[in-house]
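Visitor: Chains as they are written, first to last, in my numbering: chain A, 78 to 413; chain B, 78 to 413.
Check before you lean on any hint, since a few could be wrong.
Same chains, same names: a pair is fine if it fits in one copy or spans any two.
Capping the alpha-carbon separation at 27 Å, the derived lysine-lysine pairs in DSS-like fashion look like this [claimed, not checked]:
#1 Lys-291 x Lys-149
#2 Lys-353 x Lys-242
#3 Lys-149 x Lys-304
#4 Lys-306 x Lys-178
#5 Lys-304 x Lys-178
#6 Lys-189 x Lys-353
#7 Lys-353 x Lys-178
#8 Lys-242 x Lys-189
#9 Lys-178 x Lys-242
#10 Lys-287 x Lys-242
#11 Lys-189 x Lys-304
#12 Lys-367 x Lys-353
#13 Lys-97 x Lys-376
Hints are computed from structural coordinates only; laboratory data are not their basis.
2 protein chains.
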Amino acid sequence: MLAFTVEHRALKQTSTRLAKLRPGWALVRVRLAGICNTDVEILRGYHNFRGTPGHEFVGEVQEVRGVSAAVKNRWIGKRVAGEINIACRAFGFRPICRFCKRGLTRHCERRKVLGIVAHDGAFAEYLTLPVENLHVIPDSIGDEAAVFIEPLAAACEILDQVPIKQFREAAVLGDGKLAQLIARVLRSALPRVVLYGKHPEKLALARPAKIATKRVRGDASDLERVKEKFALIVEATGSPTGLALAQEMTEPRGTLVLKSTFHGAAPIETWPIVVKELSLVGSRCGPFNKAIALLRSRKIDPRPLITRTFPLEEASTAIAFAQEPGVMKVLMRGRK
Amino acid sequence: MLAFTVEHRALKQTSTRLAKLRPGWALVRVRLAGICNTDVEILRGYHNFRGTPGHEFVGEVQEVRGVSAAVKNRWIGKRVAGEINIACRAFGFRPICRFCKRGLTRHCERRKVLGIVAHDGAFAEYLTLPVENLHVIPDSIGDEAAVFIEPLAAACEILDQVPIKQFREAAVLGDGKLAQLIARVLRSALPRVVLYGKHPEKLALARPAKIATKRVRGDASDLERVKEKFALIVEATGSPTGLALAQEMTEPRGTLVLKSTFHGAAPIETWPIVVKELSLVGSRCGPFNKAIALLRSRKIDPRPLITRTFPLEEASTAIAFAQEPGVMKVLMRGRK
Numbered sequence: 078m079l080a081f082t083v084e085h086r087a088l089k090q091t092s093t094r095l096a097k098l099r100p101g102w103a104l105v106r107v108r109l110a111g112i113c114n115t116d117v118e119i120l121r122g123y124h125n126f127r128g129t130p131g132h133e134f135v136g137e138v139q140e141v142r143g144v145s146a147a148v149k150n151r152w153i154g155k156r157v158a159g160e161i162n163i164a165c166r167a168f169g170f171r172p173i174c175r176f177c178k179r180g181l182t183r184h185c186e187r188r189k190v191l192g193i194v195a196h197d198g199a200f201a202e203y204l205t206l207p208v209e210n211l212h213v214i215p216d217s218i219g220d221e222a223a224v225f226i227e228p229l230a231a232a233c234e235i236l237d238q239v240p241i242k243q244f245r246e247a248a249v250l251g252d253g254k255l256a257q258l259i260a261r262v263l264r265s266a267l268p269r270v271v272l273y274g275k276h277p278e279k280l281a282l283a284r285p286a287k288i289a290t291k292r293v294r295g296d297a298s299d300l301e302r303v304k305e306k307f308a309l310i311v312e313a314t315g316s317p318t319g320l321a322l323a324q325e326m327t328e329p330r331g332t333l334v335l336k337s338t339f340h341g342a343a344p345i346e347t348w349p350i351v352v353k354e355l356s357l358v359g360s361r362c363g364p365f366n367k368a369i370a371l372l373r374s375r376k377i378d379p380r381p382l383i384t385r386t387f388p389l390e391e392a393s394t395a396i397a398f399a400q401e402p403g404v405m406k407v408l409m410r411g412r413k
Numbered sequence: 078m079l080a081f082t083v084e085h086r087a088l089k090q091t092s093t094r095l096a097k098l099r100p101g102w103a104l105v106r107v108r109l110a111g112i113c114n115t116d117v118e119i120l121r122g123y124h125n126f127r128g129t130p131g132h133e134f135v136g137e138v139q140e141v142r143g144v145s146a147a148v149k150n151r152w153i154g155k156r157v158a159g160e161i162n163i164a165c166r167a168f169g170f171r172p173i174c175r176f177c178k179r180g181l182t183r184h185c186e187r188r189k190v191l192g193i194v195a196h197d198g199a200f201a202e203y204l205t206l207p208v209e210n211l212h213v214i215p216d217s218i219g220d221e222a223a224v225f226i227e228p229l230a231a232a233c234e235i236l237d238q239v240p241i242k243q244f245r246e247a248a249v250l251g252d253g254k255l256a257q258l259i260a261r262v263l264r265s266a267l268p269r270v271v272l273y274g275k276h277p278e279k280l281a282l283a284r285p286a287k288i289a290t291k292r293v294r295g296d297a298s299d300l301e302r303v304k305e306k307f308a309l310i311v312e313a314t315g316s317p318t319g320l321a322l323a324q325e326m327t328e329p330r331g332t333l334v335l336k337s338t339f340h341g342a343a344p345i346e347t348w349p350i351v352v353k354e355l356s357l358v359g360s361r362c363g364p365f366n367k368a369i370a371l372l373r374s375r376k377i378d379p380r381p382l383i384t385r386t387f388p389l390e391e392a393s394t395a396i397a398f399a400q401e402p403g404v405m406k407v408l409m410r411g412r413k
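Chain A on its own, in the form it takes in the complex (with noise of 0.2 Å):
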């Protein structure tokens, strides 16, 4: 278990954040912040992040810089969610870099990101982030709800990367937060959607959104157990031996969707790579747009994926909470 005390960092940040806001820069109001397996990565030293984590929330703006009073008067008081990675422009750097010019923004060689990369997260009272990262959230979707736009997006993203219409049914490998997001977000494109996971508690939560589950061990005697072989699979399971069992069930030429992002060198055989000639895609952040759509047409209603909800004070209760067996989304509340 990991312990935070988001308490001092929160009080002591926000004064100092209204001083240093920079041109073009927003003070949010963090009103939910939602615990995501990374920040528990970065609690544990991954990343080499000793800042405030957090990258999911909702926000309200307080305060933009640098702007025109109109620009100003139209951000103040927005409910807002924000893409977390700020892309060198936003700190002022000239030239911007070859991929900003490409318009690939997210992969920005000197990017920061938000509770991850050098730039202080949501598990405080306030944040701060570029306003060309704040996408407003439409009134009829509620906190709880908006609180899952990253993520989603970043489920979204498989969307952006794989032509799914070529396909009528996928795979899900892994039960936990993240891979109930991208079932739900395959199942809002394609007939069938299957999710493999270990827990029957978990598994009985994807039901209801009509994807169908398989139960597995989640070591490696599924290799002979597991039967059934897709053309995409997304391997979300957050382990090593995940891949392993997604290559085993990926048909020749399929496309195996990678989601995990544990760290640690894992064992792996890459000859059945090349004999099934498999495409393996990479995935990490994604759309908001398309996120706030599927929410905001009620096709994706992840709000029974929270299990509690605490208030930002109790930040390292909660943090510890979202650890224990079973617990699926812990969110933290903050002042009003």
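With chain A fixed as given, assemble chain B onto it according to the hints.
Guide: For chain B alone, kept in the frame of chain A given last:
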């Protein structure tokens, strides 16, 4: 060093093969055969194949069974290369498998593979293949070039898998036989190709083909020293360390083609694939027609890659020689 005694097997097989020739199959006299690293792997016990290896060849059709006299006359005496994957329909299996139904006969679920899986190969006086696997070699392509059609087709597979016109340059990791062919095929479509290899004398073979070369050490120290990044990289080192370097050298959203089929699990960090959103594309056998067209047009001349030619009777010497340092393609010539 591995020994292989071809003489007895070859002589013994000739008569039985003639007797067992299936309808729609051809008996082919081997004129020239090439030794591939896969053959050496097979002799080391991989693929669990105990038959005659060899899958790169130029041959002459001696007999065809179960076809009309007109078809037969069109084939007898023709100089041919042969696709190595033998689909289920050629063995009379009904119904044909779902991959063959989709035209993916190279991925047939019940395929046999010449000299690799359950079907004797080209290191013999005669081999058999279905007529549908044969390609007539134009007179303008001599045996020494034509014997490269099979591995050259495997290199051409990349052109079928990757939208090559979207790239301006590519890197190939590895300076072995297959890597050299891949670099030449990519160079036929791109203005700049860089071959990264360990062996100065092998790199030197690439430069007359207008391929840039860079020397690496082939160990983990390359990760620190190689700074250039590419949007398209082909990993053809045949060694587990190649993949880590290839991942490092592939720029975000880049394509990494895997051609190495070494056996054994290599420890691989998969999170860079996810964070950089790389596409890894496994690539195996390819289109013979493209390989033949490249040879006919003289855009590629593979003959400088030949180190030495042995008579087929000296197969065990040839295979031992093929494993010596610095040796590139070793050929074996059949009896007239």
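Visitor: All hints are to be evaluated individually against the structure, with a verdict given for each.
Guide: Taking the hints in turn, this is what the structure says about them:
no.: 1; hint: Lys-291 x Lys-149; result: neither (50 Å within a copy, 54 Å between copies)
no.: 2; hint: Lys-353 x Lys-242; result: both (22 Å within a copy, 25 Å between copies)
no.: 3; hint: Lys-149 x Lys-304; result: neither (57 Å within a copy, 43 Å between copies)
no.: 4; hint: Lys-306 x Lys-178; result: between (40 Å within a copy, 17 Å between copies)
no.: 5; hint: Lys-304 x Lys-178; result: between (45 Å within a copy, 21 Å between copies)
no.: 6; hint: Lys-189 x Lys-353; result: between (37 Å within a copy, 14 Å between copies)
no.: 7; hint: Lys-353 x Lys-178; result: between (36 Å within a copy, 17 Å between copies)
no.: 8; hint: Lys-242 x Lys-189; result: neither (34 Å within a copy, 32 Å between copies)
no.: 9; hint: Lys-178 x Lys-242; result: between (30 Å within a copy, 20 Å between copies)
no.: 10; hint: Lys-287 x Lys-242; result: within (19 Å within a copy, 41 Å between copies)
no.: 11; hint: Lys-189 x Lys-304; result: between (42 Å within a copy, 22 Å between copies)
no.: 12; hint: Lys-367 x Lys-353; result: between (32 Å within a copy, 21 Å between copies)
no.: 13; hint: Lys-97 x Lys-376; result: neither (40 Å within a copy, 61 Å between copies)
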